[in-house]
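Q: Sequence:
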Amino acid sequence: MSLDRAPRLESNRLVLRAHETRDYEAFAQMWTDPLVLQYTIVEPRSAQDAWMTMHRLLGSWPLLGYGYWGLELKSTQTYVGDAGFMDAMRPSTPDKRGIPEIGYALASPYHGQGLMSEALDAIHRWWDEELPGTETFALIDDDNPGSVCVAKKCGYAFERRADTDDRQSGLYTRKPLSFAQTAD
2 MSLDRAPRLE
12 SNRLVLRAHE
22 TRDYEAFAQM
32 WTDPLVLQYT
42 IVEPRSAQDA
52 WMTMHRLLGS
62 WPLLGYGYWG
72 LELKSTQTYV
82 GDAGFMDAMR
92 PSTPDKRGIP
102 EIGYALASPY
112 HGQGLMSEAL
122 DAIHRWWDEE
132 LPGTETFALI
142 DDDNPGSVCV
152 AKKCGYAFER
162 RADTDDRQSG
172 LYTRKPLSFA
182 QTAD
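Counting from 2, one number per residue, gives the positions in the sequence shown under our numbering.
For the record, the hints were derived by calculation from the structure and aren't laboratory data.
Don't take each hint at face value.
Stated by the list, open to error - If you anchor each label on the Cβ, the simulated ranges turn out as follows:
1. 161 x 26: 25 to 33 Å
2. 94 x 27: 33 to 41 Å
3. 26 x 159: 15 to 23 Å
4. 63 x 153: 30 to 38 Å
5. 27 x 145: 15 to 23 Å
6. 22 x 158: 34 to 42 Å
7. 159 x 22: 34 to 42 Å
8. 162 x 47: 30 to 38 Å
9. 110 x 136: 31 to 39 Å
10. 159 x 39: 18 to 26 Å
11. 145 x 91: 15 to 23 Å
12. 130 x 63: 27 to 35 Å
Just so we're clear, the structure is a prediction, and the values are computed from it rather than from any experiment.
Glycine is no exception: its CB is placed at the ideal position from the N, C-alpha and C atoms.
Working from the sequences, and respecting the hints, build out all of it.
A: Shown next, in the form of structure tokens:
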């Protein structure tokens, strides 16, 4: 499958869509927020780094056929975060290069409202329809029980400890659905 950009998806409260230039200010602010950064592998992003990260998120789609969505509240048309799949080609033990990794971040004013679970449900329904039979994984910091809970709701199960980016994380995998499961 080849897609030039993220397909538009909707959930109850969210529109999941390609990132747009109007998202930049909120995106850049989110990636300097200590509450967002505390469990990620990135340092606060400079304005230029945030801009280039948006480029990278958009560029995954034509290269891989998957990528990240910008998350927008339907009620206010406000950008609140992003979520999707990537292949970061980061060395890890075990080696997961070439296997799609789910990632997600939500601006801190929107934490604890169930928005990310809602977004990931829509994303995984799309994934299972468009790319059935594909395993995905998540690397989650041990001190982030909220993220573990969200991942488990989406069918991810703890597999083992993983070393990546000079730290240990929990490696959670989501086994591919069988064809029969996706046809229901």
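Q: Now look at each hint and say whether the structure bears it out.
A: We went through each hint and held it up to the structure:
| no. | hint | verdict |
| --- | --- | --- |
| 1 | 161 x 26: 25 to 33 Å | violated (39 Å) |
| 2 | 94 x 27: 33 to 41 Å | holds (35 Å) |
| 3 | 26 x 159: 15 to 23 Å | violated (37 Å) |
| 4 | 63 x 153: 30 to 38 Å | holds (32 Å) |
| 5 | 27 x 145: 15 to 23 Å | holds (22 Å) |
| 6 | 22 x 158: 34 to 42 Å | holds (38 Å) |
| 7 | 159 x 22: 34 to 42 Å | holds (39 Å) |
| 8 | 162 x 47: 30 to 38 Å | holds (32 Å) |
| 9 | 110 x 136: 31 to 39 Å | holds (34 Å) |
| 10 | 159 x 39: 18 to 26 Å | holds (21 Å) |
| 11 | 145 x 91: 15 to 23 Å | holds (18 Å) |
| 12 | 130 x 63: 27 to 35 Å | violated (20 Å) |
Going through the hint list in order, the structure does not satisfy hints 1, 3 and 12.
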